[in-house]
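Engineer: This is what each chain is made of:
2 protein chains.
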Amino acid sequence: MSQQLAVGIDIGGTNTKFGIVDRRGNIISDGRMLTGAHPEVSMFIDELHGHLSKLIDAAGGMSQIKGIGVGAPNGNYYTGNIEYAPNLRWHGVIPLANLLNEKFGVPTRLTNDANAAAIGEMQYGAARGMKDIIMITLGTGVGSGIIANGQMIYGHDGFAGELGHCIVVPGGRLHPGTGMRGSLESYASATGVTNTAIEFLTERTEESLLRKYQKEEINSKVIFDAAMAGDHLAQEVYAFTGKILGEALANFVMFSSPEAIILFGGLTKAGDLIMKPVREHMEKNLLPIFQNKVKLMFSELRESDAAILGASGLAWEIQES
Amino acid sequence: MSQQLAVGIDIGGTNTKFGIVDRRGNIISDGRMLTGAHPEVSMFIDELHGHLSKLIDAAGGMSQIKGIGVGAPNGNYYTGNIEYAPNLRWHGVIPLANLLNEKFGVPTRLTNDANAAAIGEMQYGAARGMKDIIMITLGTGVGSGIIANGQMIYGHDGFAGELGHCIVVPGGRLHPGTGMRGSLESYASATGVTNTAIEFLTERTEESLLRKYQKEEINSKVIFDAAMAGDHLAQEVYAFTGKILGEALANFVMFSSPEAIILFGGLTKAGDLIMKPVREHMEKNLLPIFQNKVKLMFSELRESDAAILGASGLAWEIQES
Chain H
0 MSQQLAVGID IGGTNTKFGI VDRRGNIISD GRMLTGAHPE VSMFIDELHG HLSKLIDAAG
60 GMSQIKGIGV GAPNGNYYTG NIEYAPNLRW HGVIPLANLL NEKFGVPTRL TNDANAAAIG
120 EMQYGAARGM KDIIMITLGT GVGSGIIANG QMIYGHDGFA GELGHCIVVP GGRLHPGTGM
180 RGSLESYASA TGVTNTAIEF LTERTEESLL RKYQKEEINS KVIFDAAMAG DHLAQEVYAF
240 TGKILGEALA NFVMFSSPEA IILFGGLTKA GDLIMKPVRE HMEKNLLPIF QNKVKLMFSE
300 LRESDAAILG ASGLAWEIQE S
Chain E
0 MSQQLAVGID IGGTNTKFGI VDRRGNIISD GRMLTGAHPE VSMFIDELHG HLSKLIDAAG
60 GMSQIKGIGV GAPNGNYYTG NIEYAPNLRW HGVIPLANLL NEKFGVPTRL TNDANAAAIG
120 EMQYGAARGM KDIIMITLGT GVGSGIIANG QMIYGHDGFA GELGHCIVVP GGRLHPGTGM
180 RGSLESYASA TGVTNTAIEF LTERTEESLL RKYQKEEINS KVIFDAAMAG DHLAQEVYAF
240 TGKILGEALA NFVMFSSPEA IILFGGLTKA GDLIMKPVRE HMEKNLLPIF QNKVKLMFSE
300 LRESDAAILG ASGLAWEIQE S
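As you go down the protein sequences, you meet chains H and E in turn.
Quick note: the first sequence uses numbering that gives the first Met the number 0, first residue 0, plus one each step.
Quick note: the second sequence uses numbering that gives the first Met the number 0, first residue 0, plus one each step.
Take the hints with a grain of salt, since some may be wrong.
[To be verified] Heads up, simulated EDC-like pairs for lysine to aspartate or glutamate below, C-alpha to C-alpha not over 16 Å straight-line:
(1) E:K268 x E:E299
(2) H:K294 x E:D156
(3) E:K292 x H:D156
(4) H:K130 x E:E299
[Claimed, not checked] Sample of chain H residues with no beta-carbon within 10 Å of chain E, all distances over it, derived:
(5) R23
(6) M42
(7) A57
(8) Y153
(9) L200
(10) E206
(11) A228
(12) F289
(13) E316
Don't read these hints as lab results, they were simulated from the structure.
Model, not experiment: these values are computed from the prediction.
All C-beta atoms, glycine included, are put in the ideal place defined by N, C-alpha and C.
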């Protein structure tokens, strides 16, 4: 049987991860390299080709490879370009899918990392067999990927699914990256949680384990540890964050009525601390016809594998279209 | 050529409209009857069959008919049922598509009226040739229909696209019908506009043409007339409504990145009075990658025809699936 493997490539601001994946989501082999080591994207492609060629040869050669899927910041599915990614060394419009296609000689698809995560979840993870899901990645930022009718929603320009930038608190907290006020990302990201804790520590006088830290030392890790140690203020940070996220999810449900919302990323480690208020405020803000229907799930992909798996999931879609 | 016609049926709280439509959206013949004249849905179907049979015979007989499309409150596309529609005389779950299919012997599809409007707009109206649109109906309530990848988004349960019930002002105005606070419908509907005017008249002391009316006499018509006559307070009602609607549309754009948002219904008659603030506040709340891209359009279907056309559009989709 040929073409039973796919290549997944995840291009991050710092590292690029790559791997060979089978149809069940087993990573046969993988590796990583620095994204920013080369000033020219062609040199980046050369190095990546060198690493991957070895893995591909060891897996049985190019005849085994169905295609290449890439997750990258500002990756546009329609054009195959990375467009003006602020965190990457290569500026402007980079025709990455075409470059990889020419280098490797197999079909290549590109999308952004959150969309790739959603596809990975549908191919191998918590959303197997589902046709309508919303994936929310809660990390440094808040990303999202939306699947409806079994298809990724890319929108007319390839940029659909920027739910982190929806305004959920009109006139609310300033997002320094976008200049917008009250976006979901300014509350439900690692930075958002940190800012909430700092606000609470400033506005309130109650005791807290977090008071032993300097403002600059407060981060999502110390807030999590304090909350797990029973610290009331730290727990309230999660309650507040969960309320805002839950309200946002309710709006998203009334848009595409997904079977499941799948959460991924650092914030999900807080477990019930965040999930209880998320669920409560989501349900509370839903019309009755939507209540108690939506599955609220954590990703089933290991965080270390998810990026490669998600990207590789794009490659399986090539044959289906 | 056979099967070049479709039947469109729009079931409203008061009237049921029906018509025979060709592929270009010409209504060959149409009629109407009272929705609530019969206690049993079977009697309603009998009367409807009587009316439509005459129209169908005059149009060349059943062999000309591709199928029947129905727009109805709480119409579920997947099941073909009207489910617990509060404004209809028949309670519970009504298997309307099946009943019509048995009576007429042609495929029948059912959805809610806002979804039907979106399909009509794509088949015959402003969205011809587009694959990604959001339709917003601004009438007594606020309805919506979302099309992505050329397909209606029904969601896993058939109820997707209830954008009127998204919370846009957390903790805001109470919606008496849903018990929720701050939903788009509580501001951007005819009732919402009326309530805004009453609030402004109560909170403010400025002169206004609207002050010659009793509170009970204020409605969207008198507000429109006052605004057109240059009344400042009435114009501010539109500015306020447009701001909230524009902010909501920005969030919707970041969800599905449509090529166009198509507005339909009473509020659109205010023209630039509402569209200027809508556009301004939509653009202001979009990430730069989405700015100045989305077409904000009015429906191109005549209001009197739109319901039948939209419903008939469902019938053309039957052959495509």
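Engineer: What hints, given by number in increasing order, does this structure fail?
Structural biologist: 4, 8 and 12
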